[in-house]
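Protein chains: 2
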Amino acid sequence: MTDTSLTQLSSKERIAKVAAKLFAERGYHAVGVNDLCEAAGLSRGALYHHIQSKEHVLEEICSSYMSQLGVLARRTLEQESDPQAQLRKLGFDLIDIIARHKAELTVCFREIQSFTAERREKILAFHAAYESAWVHALKAGHAAGSFRPYSKTRLKGLLGMYYYSYIWIRPNHPEMIRETADTFHDIVLQAVLAN
Amino acid sequence: MTDTSLTQLSSKERIAKVAAKLFAERGYHAVGVNDLCEAAGLSRGALYHHIQSKEHVLEEICSSYMSQLGVLARRTLEQESDPQAQLRKLGFDLIDIIARHKAELTVCFREIQSFTAERREKILAFHAAYESAWVHALKAGHAAGSFRPYSKTRLKGLLGMYYYSYIWIRPNHPEMIRETADTFHDIVLQAVLAN
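Chains as they are written, first to last, in the numbering used here: chain D, 28 to 222; chain Y, 28 to 222.
Chain D with its partners taken away, still in its complex shape (with noise of 0.2 angstroms):
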């Protein structure tokens, strides 16, 4: 382990690091329990220790930051109340994490099929909770009347814009990351604007 930025974190948040960045670059499937060991730098019985399963550690990965952009959702709308400045918002902070935490963000929205049954719907759940808030604000904007009525084959469409760009967006390129966020806006707002 010479990655010295994960010499701060707790076994339990470096194991989901190291974790996030192997299923990032291999796939889930592919990613054995030793694999995590040797680059969490802990024998298999500490990794157990810490971990219940390998699915275990996905399934903390995209609750944990599946629920986080939750929260961040659930702030924006309290915080802004114009329905565009909501979706601005929210799409904003939906490029940032996903350039900031790629690893993390590339298994949230790759591996969902990755789940057994019971554990998909959890993570399934903590989807549609995020989601909800993008529902809630492009609801608020029709009974406004600025939006045109609210389609569910439409967010998923500018959902899918946002959650794809996981495969190219770069870390740590500010700028292209701005200009990411402000296209998409622009094509979210001409998409729901009422005529």
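Keep in mind that the hints were calculated from the coordinates and are not lab data.
Some hints here could point you the wrong way.
All copies of an identical chain are treated as equivalent in the list; a pair is satisfied when it fits inside any one copy or across any two copies.
[Unchecked claim] Straight-line Cα separation of at most 27 angstroms, DSSO-like style, residue types lysine-lysine; simulated pairs:
no.	residue 1	residue 2
1	Lys129	Lys44
2	Lys149	Lys44
3	Lys48	Lys149
4	Lys149	Lys129
5	Lys166	Lys149
Source: prediction; values computed, not measured.
Given the coordinates of chain D, work out where chain Y should sit on it, guided by the hints.
Same frame as chain D, now just chain Y:
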């Protein structure tokens, strides 16, 4: 091998088909050559008679489907002269192919990073060739005065919206496919039409 639809295919096509399904389900790195042998009903020797390596199969899948998309897209540019009609047909065909060949397109859009450097360049060139049809339609619409100036980031967002649908689109749901294509086309038009 009990899937009778596979018995009509050549061995090479059968390998590509079962490989795409396994890669889509588990992720490329989690599938071994032995898994491919078992799913294709071939011995290791017979498998290597048809393929050079596992990465070669991934390359065949990605190059075949991205070049099919490219052929369809160039035909669209030839057959439709109006840029709006070109965008409608490009988007419809994209959703249609994702829905009808979901495993293969999941692999195309999700496993780009799984290639080693040289092959990745080759596959990215297929992606770029396909995407150039969209660039062409967008620039033609701007030249004709009906579209806003071309923006690379905007196109990346709009294509990401289509690509990410591999996660949730359901094959054999023609109504869902049609509604998705219509809604996405509407988002594209709102994003690119000049005011």
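Going through the hints against the structure:
1. In this assembly of identical chains, the alpha carbons of Lys129 and Lys44 lie at most 27 angstroms apart only when taken from the same copy (11 angstroms versus 31 angstroms across copies).
2. In this homomeric assembly, Lys149 and Lys44 come within 27 angstroms of each other (Cα to Cα) only inside a single copy, at 21 angstroms, whereas the closest approach across copies is 32 angstroms.
3. Taking the closest pair of Cα atoms, Lys48 and Lys149 come within 27 angstroms of each other both inside a single copy (22 angstroms) and across two copies (26 angstroms).
4. With identical chains, the CA atoms of Lys149 and Lys129 are at most 27 angstroms apart both within one copy (22 angstroms) and between copies (25 angstroms).
5. Proximity of Lys166 to Lys149 under the C-alpha cut-off of 27 angstroms is restricted to the intra-copy arrangement: shortest distance 25 angstroms within a copy versus 44 angstroms between copies.
In summary, the structure agrees with every hint in the numbered list given earlier.
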